[in-house]
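Asks: As a plain string of letters, each chain reads:
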Amino acid sequence: QVQLQESGPGLVKPSETLSLTCRVSSYSISSGYYWGWIRQPPGKGLEWIGSIYHSGNTYYSPSLKSRVAMSVDTSKNQFSLNLSSVTAADTAVYFCARRPQIWVGATVVGQYFDYWGQGTLVTVSS
Amino acid sequence: QTVVTQEPSFSVSPGGTVTLTCGLSSGSVSTSYYASWYQQTPGQAPRTLIYSTNIRSSGVPDRFSGSILGNKAALTITGAQADDESDYYCVLYMGSGISVFGGGTKLTVL
Chain C
1 QVQLQESGPG
11 LVKPSETLSL
21 TCRVSSYSIS
31 SGYYWGWIRQ
41 PPGKGLEWIG
51 SIYHSGNTYY
61 SPSLKSRVAM
71 SVDTSKNQFS
81 LNLSSVTAAD
91 TAVYFCARRP
101 QIWVGATVVG
111 QYFDYWGQGT
121 LVTVSS
Chain S
1 QTVVTQEPSF
11 SVSPGGTVTL
21 TCGLSSGSVS
31 TSYYASWYQQ
41 TPGQAPRTLI
51 YSTNIRSSGV
61 PDRFSGSILG
71 NKAALTITGA
81 QADDESDYYC
91 VLYMGSGISV
101 FGGGTKLTVL
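Residue numbers (the numbering used here), protein chains in the order written: chain C, 1 to 126; chain S, 1 to 110.
Pulled out of the complex, with its shape left as it was, chain S reads as follows (with noise of 0.2 Å):
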């Protein structure tokens, strides 16, 4: 069964850079995986930040960007405020209209 792995957690400064991965337990990620990433807060639905690998939703800051960095997909957050402290989620298409999500990531910025 195909893993969608991320980093449990992740720490940044105020006004940093950070990179958050979405790779596979076995294999490499490309753009034919289309991955998407999902914001969430405790208690809220997720918010949709990226689809296509790197492009924004509607009304996403260019703050965030997606890329795919060797070979795995990534979500990079420059200028890092406080109020991006979230779960960070990716999800990888698999074909056959089946979708993955990875295990999330927990950003603290301090």
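Excised from the complex, chain C in its bound form (with noise of 0.2 Å):
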């Protein structure tokens, strides 16, 4: 069973860079699949926020590429994300998650998330 597990501080001062890491058990990152990061603000709904794959290669939510970075350390296991300038507009509890690619041929049509990590709640405030 693939386990992910967020961390990283629950509290970020605006402005600042809010960093997260996932940490990825009973599966290599090495071995494939793209891997995502979903937010949620307190009592509204999902959001995704980009995902990243073992090469590095990523793709960012058009709305939050300006201030998003993430990146891969496949010996640890594990992926990160920073999201720069901060506002209480980003409190929210931040999931992450493995993304398996739909393929007809040599072409993704397709993605989705199967395996999610329990969420880690992070507060943007002074």
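Any given hint could turn out to be false.
[Said to hold, decoys possible] Among the chain S residues that face chain C by a calculated CB cut under 7 Å, a handful are:
hint : residue
1    : 16
2    : 34
3    : 36
4    : 46
5    : 51
[Said to hold, decoys possible] Computed Cβ-Cβ distance ranges for the label pairs, DEER-style:
hint : chain 1 : residue 1 : chain 2 : residue 2 : range
6    : S       : 43        : C       : 71        : 26 to 36 Å
7    : S       : 2         : C       : 104       : 34 to 44 Å
8    : C       : 65        : S       : 26        : 34 to 44 Å
9    : C       : 109       : S       : 41        : 22 to 32 Å
10   : C       : 47        : S       : 95        : 10 to 20 Å
11   : C       : 73        : S       : 15        : 43 to 53 Å
The set of hints was computed from the structure by calculation and includes no laboratory data. Built from N, CA and C at the ideal position, the CB exists for glycine as well.
Please assemble the complex out of the two chains, which come individually in their own frames, going by the hints.
Replies: So this is what it looks like as structure tokens:
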């Protein structure tokens, strides 16, 4: 059973950078799959932030692209999220998840999430 | 900007059938969007129910089914149970690695 666990500071000051790590167990990141971040502000819906492959290839949400950077550390079997210039609007529970691709021939036609971490609350406040 | 639409709330009687939908603010949803569906109870991580429009994730009971109805993706729950009371989210794949979540539907079983 693939397991994911988020970690990082629970409190970040406005204008600073939010940094989170997702450690993966029972599956080697280097074996494949994209890995993603999703967030959920208190009382609101889910929002996809971005995804990364073990090679370092990334996809980011257009609405967050200017502030997001993701990285992967295959030696530690983990991947990370950096979100810069945070404001109170970035207060949310942040989830990491595995993101399988759907192939038709040699073309990726879809992606979804199958395994999820439990989430970690990050509050942006001075 | 593309908006994925879902009913904000829905209610169903125990044992009843309910269909939740997932549409687009502009245009129609087809199988080409490879819709996926997730169930979330308060304080918990989402649980994957359906992917690629109609494929049930491992361990998901066959009471849950996915389809395309008209111009929307749909999640149908037959024989609703009390523990189906949750928030349900759809995700559409927009291509180029981009996925968009719908706003979610709060399902009440009463």
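Asks: For every hint, state whether the structure bears it out.
Replies: Hints, one by one, checked against the model:
no.	hint	verdict
1	16	violated (25 Å)
2	34	holds (3 Å)
3	36	holds (4 Å)
4	46	holds (6 Å)
5	51	holds (4 Å)
6	43/S x 71/C: 26 to 36 Å	holds (29 Å)
7	2/S x 104/C: 34 to 44 Å	violated (22 Å)
8	65/C x 26/S: 34 to 44 Å	violated (22 Å)
9	109/C x 41/S: 22 to 32 Å	holds (31 Å)
10	47/C x 95/S: 10 to 20 Å	holds (18 Å)
11	73/C x 15/S: 43 to 53 Å	holds (49 Å)
Going through the hint list in order, the structure does not satisfy hints 1, 7, 8.
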